[in-house]
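**Student:** Please build the complete structure, drawing on both the sequences and the hints.
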Amino acid sequence: MRLFLLPYVVGTLLLVVIPAIATVLISFTEYKAVGVPKFVGLQNYRDLLSYGLVRTSLRNSAIFLALAVPLRIVGALLLALLLQRKGRMFGLYRAAVYVPTIIPEAAYALLWLWIFNPLYGPLNLFLGMLGIQGPAWLIEPTTARLAIVILSLFQIGEGFVVLLAGLQSIPRSFYESAKVDGANAWQSFWQITLPLLSPWLMVLTFRDLVMSLQNTFAPSFIITYGGPYYATMFAPLLIYEMAFDYFELGLAAALLLLTYVLLGLIVLGIINAVGLGGSADEA
Amino acid sequence: MKRKAGSLLHHALGLGIVFLFLLPIFWIFTASLRQRGLPPPTTIEWWPASPTLENYPYIFELIPMARYVRNSLIVAGTAVPITVFIASLAGFAMSQEGDLWRRRLLIASIVLLMVPGASVWLFRFQILRWFGWIDTLWALIAPAFAAGSPLYVLLFFWAYRRIPAEIFEAARLDGASAWMMWWRLARPLVRPTAVTVIILSFVMYWSDFVSPVLYIFRTDLYTLPIGLQILKQLDPTNWPLLMAAAAVMTFPVLVLFIFLQRSFLSDLSIANLMDQN
Numbered sequence: 002m003r004l005f006l007l008p009y010v011v012g013t014l015l016l017v018v019i020p021a022i023a024t025v026l027i028s029f030t031e032y033k034a035v036g037v038p039k040f041v042g043l044q045n046y047r048d049l050l051s052y053g054l055v056r057t058s059l060r061n062s063a064i065f066l067a068l069a070v071p072l073r074i075v076g077a078l079l080l081a082l083l084l085q086r087k088g089r090m091f092g093l094y095r096a097a098v099y100v101p102t103i104i105p106e107a108a109y110a111l112l113w114l115w116i117f118n119p120l121y122g123p124l125n126l127f128l129g130m131l132g133i134q135g136p137a138w139l140i141e142p143t144t145a146r147l148a149i150v151i152l153s154l155f156q157i158g159e160g161f162v163v164l165l166a167g168l169q170s171i172p173r174s175f176y177e178s179a180k181v182d183g184a185n186a187w188q189s190f191w192q193i194t195l196p197l198l199s200p201w202l203m204v205l206t207f208r209d210l211v212m213s214l215q216n217t218f219a220p221s222f223i224i225t226y227g228g229p230y231y232a233t234m235f236a237p238l239l240i241y242e243m244a245f246d247y248f249e250l251g252l253a254a255a256l257l258l259l260t261y262v263l264l265g266l267i268v269l270g271i272i273n274a275v276g277l278g279g280s281a282d283e284a
Numbered sequence: 022m023k024r025k026a027g028s029l030l031h032h033a034l035g036l037g038i039v040f041l042f043l044l045p046i047f048w049i050f051t052a053s054l055r056q057r058g059l060p061p062p063t064t065i066e067w068w069p070a071s072p073t074l075e076n077y078p079y080i081f082e083l084i085p086m087a088r089y090v091r092n093s094l095i096v097a098g099t100a101v102p103i104t105v106f107i108a109s110l111a112g113f114a115m116s117q118e119g120d121l122w123r124r125r126l127l128i129a130s131i132v133l134l135m136v137p138g139a140s141v142w143l144f145r146f147q148i149l150r151w152f153g154w155i156d157t158l159w160a161l162i163a164p165a166f167a168a169g170s171p172l173y174v175l176l177f178f179w180a181y182r183r184i185p186a187e188i189f190e191a192a193r194l195d196g197a198s199a200w201m202m203w204w205r206l207a208r209p210l211v212r213p214t215a216v217t218v219i220i221l222s223f224v225m226y227w228s229d230f231v232s233p234v235l236y237i238f239r240t241d242l243y244t245l246p247i248g249l250q251i252l253k254q255l256d257p258t259n260w261p262l263l264m265a266a267a268a269v270m271t272f273p274v275l276v277l278f279i280f281l282q283r284s285f286l287s288d289l290s291i292a293n294l295m296d297q298n
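Residue numbers (the numbering used here), protein chains in the order written: chain A, 2 to 284; chain B, 22 to 298.
It should be emphasised that the hints constitute simulated quantities derived from the structure, not laboratory data.
Treat the hints with caution; some may be incorrect.
[Said to hold, decoys possible] Below, a list of computed lysine to any residue pairs in the SDA-like style, where the Cα atoms sit at most 20 angstroms apart:
no.: 1; chain 1: A; residue 1: K39; chain 2: A; residue 2: F245
no.: 2; chain 1: A; residue 1: K180; chain 2: A; residue 2: K39
no.: 3; chain 1: A; residue 1: K87; chain 2: B; residue 2: G27
no.: 4; chain 1: A; residue 1: K87; chain 2: B; residue 2: S28
no.: 5; chain 1: B; residue 1: K25; chain 2: A; residue 2: F245
no.: 6; chain 1: A; residue 1: K87; chain 2: B; residue 2: R283
**Tutor:** Structure representation (structure tokens):
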């Protein structure tokens with residue numbers, strides 16, 4: 002039976018674990034894609050600090066995550082609560098929520114490039130109908146960053162499905178006995194649903210912190226290429242530039258590690274603040 | 022009476038959500054039907070005045086779209102079956118492990134879910150080079166050999182866990198091999214999960230934008246995401262044309278989703294089955 006695990010384990014070691022470990026090691030070396038990596042200790046990290054764009058990209062990433070992740074998780078939770086009911090129609094509603102998530106990212110990026118066009122895009126035309134002068138979106142730094150957040154809010158199908166499954170895993174009998182005890186819907190949400198869902202929400206939040214940041218790559222590459230004025234220069238795009246345009250692999254690896262160590266600190270902070278909320282094992 | 026009003030409100034909310042979430046895809050398709058060269062609209066255009074399908078053949082003339090479609094199909098067509106096979110086997114093996122190893126594998130898979138894609142960009146390149154896979158479509162298929170994503174293994178694991186253990190005990194006593202237990206007994210019971218993984222992994226390989234950017238340099242091996250990027254560089258504000266290309270790319274995913282969404286979003290059929298017992 003263990004043999005069945007072999008392809009998964011070997012494949013994952015070769016394609017994920019070993020490359021990830023190599024990245025950590027290479028971040029302490031000077032390595033320009035050719036030749037032998039030269040150990041330089043913490044020099045790459047020191048170089049990063051004096052590189053203005055690094056700070057910009059980390060700040061952009063932080064702003065993006067602070068806005069996008071809570072909105073995505075709460076949005077997915079609200080939708081799952083609203084649409085968890087049985088019945089044909091609700092099945093269709095649930096399917097509709099998933100649709101934007103399946104749109105391929107290259108196509109999705111082109112779509113939003115059009116939606117956010119300040120003159121002819123449907124968003125500003127719609128705002129115009131309401132008598133509101135829409136902003137210049139992708140041309141202004143602040144609104145460009147906001148635009149990347151907005152387009153991420155429609156692709157929440159994965160979290161939505163995970164939370165639906167989480168809701169299903171809560172035994173009906175809990176709600177029934179709560180009802181017998183005279184609890185209303187609001188109370189049973191806070192007393193039963195939320196505590197039992199918390200391990201799911203936790204795992205989802207961590208994954209979303211990592212994935213949302215990663216998923217800024219395609220839109221920031223296709224729609225804005227980091228602009229205007231580096232407002233949408235997020236960490237993954239800068240890592241890509243360092244590694245594949247300037248072949249500074251050591252520096253790119255160091256930035257990667259720095260980014261995810263910072264993310265790890267955020268995660269630890271969250272765990273500290275709310276606690277782990279039980280184990281995800283039997284989930 | 023009050024209950025009925027509440028239910029109606031619930032459905033109204035549901036329909037509102039449907040409207041909002043179908044808007045992106047609706048716009049891709051309607052905008053692709055607009056005639057090229059017309060002055061841009063000054064109000065929201067829900068349906069173009071004189072819709073045309075002309076944009077579609079035109080992109081196939083403008084760029085080698087057919088080749089991009091073919092390459093993307095080869096990648097997804099090869100990678101999806103490998104992914105489902107490896108993930109299903111691994112998920113099954115995991116579900117049959119003892120407590121200790123099941124827990125370890127579960128935690129390892131969840132941790133792997135958190136590993137950002139960017140952390141493997143740099144060195145997956147090296148490993149693919151050792152295999153001689155750089156600049157071949159195998160570079161894009163490669164993730165399939167790691168089950169695509171730990172998520173798929175976990176989905177299978179959760180599904181197999183819901184099958185009562187007695188079924189396997191009985192088979193084991195009858196002398197069934199591990200392979201037979203998986204193929205004959207377990208696999209048919211988790212069909213909805215297999216459908217889920219087929220959809221999710223197809224979308225993943227079909228839309229993969231990063232891998233061809235990193236690992237493919239031969240223009241005849243470009244896949245659709247790169248094709249769209251090329252078209253955008255040719256004519257960045259020709260919306261009807263860009264949306265037609267986006268529609269070509271979205272269409273297969275949408276069709277697959279529509280056909281399979283029933284199983285996809287009711288992947289809990291087994292849980293329901295067990296509730297009744």
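**Student:** Given the hinted pair K87(A) and G27(B), is their Cα-Cα distance within 20 angstroms?
**Tutor:** At roughly 15 angstroms apart (the allowed maximum being 20 angstroms), G27(B) and K87(A) satisfy the hint.
**Student:** Is the Cα-Cα distance between K87(A) and R283(B) 20 angstroms or less?
**Tutor:** 13 angstroms, holds
**Student:** Is K39(A) close enough to F245(A), meaning Cα to Cα at most 20 angstroms?
**Tutor:** Holds. K39(A) to F245(A) sits at ~19 angstroms (cutoff 20 angstroms).
**Student:** CA of K25(B) to CA of F245(A), is that 20 angstroms or under?
**Tutor:** 60 angstroms, violated
**Student:** Holds or violated: K180(A) and K39(A), Cα atoms, limit 20 angstroms.
**Tutor:** This hinted pair is violated, its Cα atoms lying about 67 angstroms apart.
**Student:** For K87(A) and S28(B), compute the direct alpha-carbon distance and say whether it is at most 20 angstroms.
**Tutor:** With Cα atoms ~12 angstroms apart, K87(A) and S28(B) stay inside 20 angstroms; holds.
Violated hints, in rising order: 2, 5; the structure is consistent with all others.
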